[in-house]
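Enquirer: Now for the letters of each chain:
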Amino acid sequence: MTCEETRLLVHALIDGELDAGHASAVEAHVASCPRCAAQLRDYRVMRQALSAPALRHQAPAALRARIEGALPPRLAIVPQVAPSRRSMLKGLAMGSVLSGALAASLVVFVMHRQEDQRLLGDVVSAHLRSLQGDHLIDVQSTDQHTVKPWFNGRLDVAPPVVDLTAQGFTLIGGRLDYIDGRPVAAIVYKRRAHVINLFVAQTPTTQVTTQVLGPERRATLEQVQGFNIWRWTRSDLGFWAISDINADELQEFGEKLEAEVRGGG
Amino acid sequence: MAADGDGEDADKARRFRDAALPHLDDVYTLARYLLRSAADADDAVQECYLRAFRHFDGFRGQATKPWLMAILRNVCRAEFARRSGAAGDVADVAEDALPLWQEPEISPETAILRQRDSATVRALVAALPEPFREAIVLRDIDDLSYREIAEAVGAPIGTVMSRLGRARSMLRAAWLKSENEPEREERSL
Chain A
1 MTCEETRLLV HALIDGELDA GHASAVEAHV ASCPRCAAQL RDYRVMRQAL
51 SAPALRHQAP AALRARIEGA LPPRLAIVPQ VAPSRRSMLK GLAMGSVLSG
101 ALAASLVVFV MHRQEDQRLL GDVVSAHLRS LQGDHLIDVQ STDQHTVKPW
151 FNGRLDVAPP VVDLTAQGFT LIGGRLDYID GRPVAAIVYK RRAHVINLFV
201 AQTPTTQVTT QVLGPERRAT LEQVQGFNIW RWTRSDLGFW AISDINADEL
251 QEFGEKLEAE VRGGG
Chain B
1 MAADGDGEDA DKARRFRDAA LPHLDDVYTL ARYLLRSAAD ADDAVQECYL
51 RAFRHFDGFR GQATKPWLMA ILRNVCRAEF ARRSGAAGDV ADVAEDALPL
101 WQEPEISPET AILRQRDSAT VRALVAALPE PFREAIVLRD IDDLSYREIA
151 EAVGAPIGTV MSRLGRARSM LRAAWLKSEN EPEREERSL
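Note that the protein sequences, when read in sequence, are chains A and B.
For what it's worth, the working numbering labels the leading residue of the first sequence as 1, then goes sequentially.
For what it's worth, the working numbering labels the leading residue of the second sequence as 1, then goes sequentially.
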């Protein structure tokens with residue numbers, strides 16, 4: 001990542017508008033660039049100072065009372081479309097200025113985060129669905145050589161299926177699930193009484209993402225609705241492991257699985 | 001239609017109060033920073049809420065806060081036009097036409113912003129030109145997300161990002177510059 005890109009993205013970073021993967025790319029650049037590091041430090045000082053309550057203004061009680069008083073039920077009603085829509089269109093038509101090209105190329109990261117939140121929501125929903133009724137398993141087997149071929153012809157990817165019983169995670173089967181409207185492989189493990197769903201899907205990596213981050217993205221832990229999600233990517237496969245077991249155990253699961261897969265299991 | 005009596009209006013007023021009044025301080029804060037005058041801010045916010053209430057029927061499922069901010073900006077725009085006697089737009093300032101604020105050339109490893117008291121910070125923000133002042137207030141003081149800001153100012157997220165980046169860079173430069181000056185006396189905007 002270049003200094004110029006970082007200069008824009010540090011803001012998205014401190015504003016919490018970057019997804020974890022890009023956040024770590026910015027942080028990696030900052031770690032090796034004193035100049036960008038100084039900027040990030042300063043912007044954090046500024047952000048802190050600006051969030052002080054003293055920077056805000058409190059509406060005077062008299063103003064609040066006037067507004068309240070002007071809201072009787074008999075005010076004339078003029079139905080009209082809210083102005084924000086129209087001005088939004090106008091804004092789009094006018095386009096932007098100032099490093100517009102760069103901002104446009106980087107905005108994908110911010111949009112990506114929003115996309116990302118939706119995706120994680122999907123993962124949680126699929127996990128919850130799987131725990132209800134008889135949804136958990138389509139192919140029930142503790143044998144990886146039974147589960148893996150079952151996905152053939154059902155998916156456009158061949159998900160790695162490994163048995164981790166020796167490591168304390170028992171393979172119990174697999175099923176087809178849907179995330180983001182696409183079919184994905186769900187491989188199901190158990191840790192004591194807890195279910196772990198491992199979703200595997202092809203990740204459409206955009207060119208810019210690959211350029212910035214390289215093909216492999218560092219694994220990250222997310223917490224959504226009380227569930228832990230450990231996710232990572234390898235080549236063009238995305239992995240999401242979700243469970244209610246604690247974060248350390250889930251991370252252990254992810255790392256053992258990755259080690260096993262890399263070991264040719 | 002002929003039947004929309006007091007009950008319906010009262011219900012609308014109640015829904016409006018629930019949706020809009022919790023954001024009063026946020027809207028007022030933006031008005032103070034945009035207009036730099038307490039009296040004008042009072043008027044603008046009152047007008048904003050009356051307009052919002054009139055248009056509340058057409059308001060469906062959007063986030064209330066950016067919607068209110070968008071209305072306030074329109075009200076402020078009218079106020080600027082009144083002040084200058086000419087049409088003006090908070091956001092339509094040609095951003096490239098403003099003097100470029102260079103990143104300060106200071107030894108990056110050692111320089112770090114000193115903490116400043118709130119009165120000084122407020123004065124630094126107040127001194128920023130539009131639309132950069134607005135970007136800082138919406139994000140850092142009123143705590144809107146990028147998407148909400150984009151909706152409030154009617155610009156794409158990319159513009160919001162570059163504007164905010166520019167605004168913070170300006171603020172940082174002014175901040176560093178001010179460190180060589182004595183602390184300011186407490187003053188209002």
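These are computed hints drawn from the structure, not numbers from a lab.
Check before you lean on any hint, since a few could be wrong.
[As the list claims (entries may be wrong)] Chain B regions said to be covered by chain A (calculated; three or more residues, Cβ under 8 Å):
(1) 45-53
(2) 77-83
(3) 113-125
(4) 128-135
(5) 145-157
[To be verified] Partner residues are not named here, just some residues of chain B that face chain A (Cβ under 8 Å, in silico):
(6) 24
(7) 36
(8) 179
Quantities reported herein were computed from a predicted structural model and do not represent experimental measurements.
Glycine included, C-beta positions come from ideal geometry on N, C-alpha and C.
Enquirer: Three residues minimum, CB to CB under 8 Å: does the region 45-53 of chain B make the cut for coverage by chain A? Let me know.
Expert: Since three or more residues must qualify, the claim that chain A covers the region 45-53 of chain B holds, with 5 doing so at under 8 Å.
Enquirer: Hint validation: residue 36 of chain B versus chain A, beta carbon distance must be below 8 Å. Holds or violated?
Expert: violated (12 Å)
Enquirer: Let's test the interface hint: is any C-beta of chain A closer than 8 Å to that of residue 24 of chain B?
Expert: holds (5 Å)
Enquirer: Within the region 113-125 of chain B, is the number of residues with a Cβ closer than 8 Å to a Cβ of chain A three or more?
Expert: holds (count 8)
Enquirer: Test coverage of the region 77-83 of chain B by chain A using CB-CB distances below 8 Å; three residues minimum.
Expert: violated (count 0)
Enquirer: Between the region 128-135 of chain B and chain A, see if three or more residues pass the 8 Å beta-carbon test, and mark the coverage as holds or violated.
Expert: Since 0 is below three, the answer is violated.
Enquirer: Examine the region 145-157 of chain B for residues whose CB is less than 8 Å from any CB of chain A, and state whether their number is three or more.
Expert: It holds: at least three residues are needed, and the region 145-157 of chain B offers 11 whose Cβ sits within less than 8 Å of chain A.
Enquirer: Can you verify the interface hint for residue 179 of chain B: is its Cβ closer than 8 Å to any Cβ in chain A?
Expert: Given a least distance of 11 Å, the restraint on residue 179 of chain B is violated.
In the structure shown, a violation is registered for the earlier hints numbered 2, 4, 7, 8, in ascending order.
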